[in-house]
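Trainee: Numbers 1 to 235, taken from UniProt numbering, label the letters of the sequence shown in order.
Check each hint, because a few of them may be wrong.
Stated by the list, open to error - Subject to a maximum C-alpha distance of 20 Å in a straight line, what follows is the list of computed SDA-like cross-link-like pairs (lysine to any residue):
#, residue 1, residue 2
1, Lys60, Val42
2, Lys198, Gly89
3, Lys188, Ser166
Stated by the list, open to error - Computed beta-carbon distance windows for the label pairs:
#, residue 1, residue 2, range
4, Asp33, Tyr152, 29 to 37 Å
5, Ile218, Gly196, 43 to 51 Å
6, Thr51, Glu136, 38 to 46 Å
7, Gly196, Glu43, 15 to 23 Å
8, Val186, Phe225, 46 to 54 Å
9, Asp33, Leu215, 34 to 42 Å
10, Ile100, Glu12, 17 to 25 Å
11, His174, Ile52, 34 to 42 Å
For the record, the hints were derived by calculation from the structure and aren't laboratory data.
Every residue, glycine too, gets a C-beta built ideally from N, C-alpha and C.
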Amino acid sequence: MVTLTDGNTNDEGQIDYSGSKENSKQLKASFTDIAKNPQPIVEVGKESTKTIEIPFTMPKASFSGVILGGITVREVNPSSFNTYSYTIGVVLMNHRYDSINKKKSMQKEDIDYDKNQEAFIVRLINPSGFLSTDNELEIEVENVWGQKVYSYEKEDIDIAPHQEFSMMTDKLPHFFYRWEVKINQVEKTFYSLHFGDKVIYCSPIQLMVPILVLLLIIVGITWLFVRRYYKEKLN
Numbered sequence: 001m002v003t004l005t006d007g008n009t010n011d012e013g014q015i016d017y018s019g020s021k022e023n024s025k026q027l028k029a030s031f032t033d034i035a036k037n038p039q040p041i042v043e044v045g046k047e048s049t050k051t052i053e054i055p056f057t058m059p060k061a062s063f064s065g066v067i068l069g070g071i072t073v074r075e076v077n078p079s080s081f082n083t084y085s086y087t088i089g090v091v092l093m094n095h096r097y098d099s100i101n102k103k104k105s106m107q108k109e110d111i112d113y114d115k116n117q118e119a120f121i122v123r124l125i126n127p128s129g130f131l132s133t134d135n136e137l138e139i140e141v142e143n144v145w146g147q148k149v150y151s152y153e154k155e156d157i158d159i160a161p162h163q164e165f166s167m168m169t170d171k172l173p174h175f176f177y178r179w180e181v182k183i184n185q186v187e188k189t190f191y192s193l194h195f196g197d198k199v200i201y202c203s204p205i206q207l208m209v210p211i212l213v214l215l216l217i218i219v220g221i222t223w224l225f226v227r228r229y230y231k232e233k234l235n
């Protein structure tokens, strides 16, 4: 059996051709979109070879970069659990001398909260059409008392073109957290605040604004009470 798959990034940060992961919505053109497999089942006799032709069509929209895909040849034998399987990685490019990867080019991240797992999902997104290789990710999470509640560190993360690498934190219930996320030595600090079922993310400056407003309100109310107290005392 011959199967075509798209190049993606698995949970270990490695390029994967198994086809088990869903493609990112930002993928410009996938291998399975432009490559067609006219003969998925091929019979090959003993000590013989057979040529398979896989036609390609040009992507509808032009873009800079490469397309990753895989061709898996697997033995079909219902009576045996130990069957032969082999995957060939394919890189499609405009010119064979073009560079296919950019080291440590990953600078875009996204974060969501999974209510069912009570954990955060951090994604590194590769917005370019080239392989983003040798990326580094460090995460430290502190609670409102400054105690470290979670840390994560991983190197050598390779992300397929227009795909993403995702990881899930340990269980972090609804709370207030301070995050330090470092991608390729570029550090970013932000806060996550739970309001009911919603999670709000803000920078240190954005967090200071409501705190200052709240302090001003408290000071104003206190001043009014003190003023009223002395006014009544004088009368």
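Trainee: Run every hint past the structure and note whether it holds.
Mentor: Against the structure, the hints:
1. Lys60 x Val42: violated (30 Å)
2. Lys198 x Gly89: Violated. Lys198 to Gly89 sits at ~41 Å, over the 20 Å cutoff.
3. Lys188 x Ser166: Holds, at about 18 Å.
4. Asp33 x Tyr152: 29 to 37 Å: Given a distance of about 34 Å, which is inside 29 to 37 Å, the answer is holds.
5. Ile218 x Gly196: 43 to 51 Å: violated (24 Å)
6. Thr51 x Glu136: 38 to 46 Å: For Glu136 against Thr51, whose Cβ atoms are near 43 Å apart, the range 38 to 46 Å holds.
7. Gly196 x Glu43: 15 to 23 Å: violated (60 Å)
8. Val186 x Phe225: 46 to 54 Å: holds (48 Å)
9. Asp33 x Leu215: 34 to 42 Å: Given a distance of about 56 Å, which is not inside 34 to 42 Å, the answer is violated.
10. Ile100 x Glu12: 17 to 25 Å: holds (20 Å)
11. His174 x Ile52: 34 to 42 Å: violated (54 Å)
When each numbered hint is compared with the structure, violations occur for hints 1, 2, 5, 7, 9 and 11.
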